[in-house]
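Novice: The residues making up each chain are set out below.
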Amino acid sequence: MKKNNFFSRKPFILLAASAVLLAGSTIGSTRAALTYYSENYSAEVEVPSIGVSLLENGSVVAKRDYNHKNDQWNTVQEPLFENSLNGEKLKPGKKYKEVLTVSNTGTIDNYVRVILYKSWMDPAGNKDTTLSPKLIDLNILEGNGWVIDEKASTTERTVLYYTGIVPAGGSTPAITDTLRIDTSVADKVTEKITADEAGNKIITTVYEYDGYKFNLEAEVDAVQTHNAQDAIKSAWGVDVNVSDNGTLSLR
Amino acid sequence: MKKSFNKKLCLAAAALTLTAGVSVGSAMAYFTTYATTSGGAAISLGSTTVIPQEEVVGMEKRISVKNTGDYECFVRVKVFAGDKYSPGLVFTPDEAGTWSQGDDGYYYCSEIIPPGGVSETFRVKIDTMDSEDDFNVIVIQECTAVLYDEKGNPYADWTRIADSSEESYQGEGGGE
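Note that the protein sequences, when read in sequence, are chains D and U.
Note that our numbering has the first sequence beginning at 1, numbered continuously upward.
Note that our numbering has the second sequence beginning at 1001, numbered continuously upward.
Worth double-checking, as some hints may not be accurate.
Below, computed lysine-lysine pairings styled on BS3-like, alpha-carbon distance capped at 27 Å [as the list claims (entries may be wrong)]:
1. Lys134(D) - Lys1151(U)
2. Lys1151(U) - Lys201(D)
3. Lys188(D) - Lys1125(U)
4. Lys201(D) - Lys1008(U)
5. Lys1066(U) - Lys89(D)
6. Lys201(D) - Lys1078(U)
7. Lys1066(U) - Lys188(D)
8. Lys89(D) - Lys1151(U)
9. Lys1078(U) - Lys192(D)
10. Lys1125(U) - Lys213(D)
11. Lys1151(U) - Lys95(D)
12. Lys1084(U) - Lys188(D)
13. Lys201(D) - Lys1007(U)
14. Lys1066(U) - Lys192(D)
Derived by calculation from the structure, the hints in this document are not laboratory data.
All values reported here derive from a predicted model rather than from experimental measurement.
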């Protein structure tokens, strides 16, 4: 009977012990909080943000920067070639200044690539694939860090990678410098022959591509430099090698 | 039986959660961004039609050319008078000196003729070569589009051949 009493009290003893231990642990942490404190201070923590801009003749024409403060993307999109003509008509054969560069407008370093599309649109605004994009002579500069991905490029599309790291706030060398419409567009004509009252033969030459519009489209992509190989594979779907000094090369 | 079913359900739920977790991880792992823009300009070539304007004063033809098209052009003129009389044609340029005689028998105007514009007038004196026969002096004019060099300076290329075929221009290698 005595033995039975002991066993019936055992859970209460254990419960009491655990309560004491729990209370003790609470007091300890409370004491620590009371005896160890620091002065109030504030510090601004800069959260990394990615951003990239495309510049035409020194002016930003496309931009997309992430802003952590308001959790928004700051974007700019201005038309290309808007200010190149200075009010005059487009002159076939003339070289127009068309300097395209990429600027890192984020707060982290990045790798960049640019995809350029060239095409023609008829006067009604429909894309005309029968007229060669080669007549849109956009002079691409190589040997300054930009390389063409020949496998991914076509007559209409040119894919370029910048092999170096673009530091935050930095810019790449120029991708292109001039744009010229080949004079061959004026070769294609239809001729209408009529006669005036005196019987003279009059030949009217109508240029086939009158009113056609060349269209240039540019896309700039940026990706972080940390874990670059995987990041580029994930973001752009291409396999690259990255050397110890950060130089990127296509496989 | 019920216990076994619950176990499978728990395993399936766990697998789904893990899979979703892995997907979320890769999608959020890298900082990327992009920006796009586009633009262009239309080429204005219009059409060109030129007609000669002739006036016969004595034994002299006064010739100018009018651009009745809707786009600027360069013009040149050739005067035919037959083998007998051609050596007797004497060219006199306009006062401004915009017309000159080429080695190929054409008279070239160095000025661009705007739409609706008329060139300066030059003269061609006709020598009858002491002949009393009737003869015609025929004036033929041609025009070509104004082209521009790389610096934007206008020029005429009279060697260009107009392509009036039905095929589109594909350039070297063709388009895609």
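Novice: Take a quick look at whether Lys1066(U) and Lys188(D) sit within 27 Å of each other, Cα to Cα.
Specialist: holds (23 Å)
Novice: Hey, Lys1084(U) versus Lys188(D), does the alpha-carbon distance stay inside 27 Å?
Specialist: violated (38 Å)
Novice: For Lys201(D) and Lys1078(U), compute the direct alpha-carbon distance and say whether it is at most 27 Å.
Specialist: Answer holds: Lys201(D) to Lys1078(U) is near 15 Å, not above 27 Å.
Novice: For Lys1078(U) and Lys192(D), compute the direct alpha-carbon distance and say whether it is at most 27 Å.
Specialist: holds (21 Å)
Novice: Does the alpha-carbon distance linking Lys89(D) and Lys1151(U) stay inside the 27 Å limit?
Specialist: holds (15 Å)
Novice: Quick one, are Lys1151(U) and Lys201(D) close enough, alpha carbons at most 27 Å?
Specialist: At roughly 37 Å apart (the allowed maximum being 27 Å), Lys201(D) and Lys1151(U) break the hint.
Novice: Given the hint that Lys1066(U) pairs with Lys89(D), test it: the Cα-Cα distance must not exceed 27 Å.
Specialist: holds (22 Å)
Novice: Has the given pair, Lys201(D) with Lys1007(U), been kept, meaning a C-alpha gap of at most 27 Å?
Specialist: violated (95 Å)
Novice: Sort out whether Lys95(D) lies within 27 Å of Lys1151(U), counting only the CA atoms.
Specialist: holds (6 Å)
Novice: Take the C-alpha atoms of Lys201(D) and Lys1008(U), compute the straight-line distance between them, and say whether it is at most 27 Å.
Specialist: violated (92 Å)
Novice: Assess, step by step, whether the Cα of Lys1125(U) is no farther than 27 Å from the Cα of Lys213(D), and give holds or violated.
Specialist: violated (47 Å)
Novice: Sort out whether Lys192(D) lies within 27 Å of Lys1066(U), counting only the CA atoms.
Specialist: Roughly 18 Å between the alpha carbons, so the hint for Lys1066(U) and Lys192(D) holds.
Consistency note: the structure conflicts with the earlier hints numbered 2, 3, 4, 10, 12, 13.
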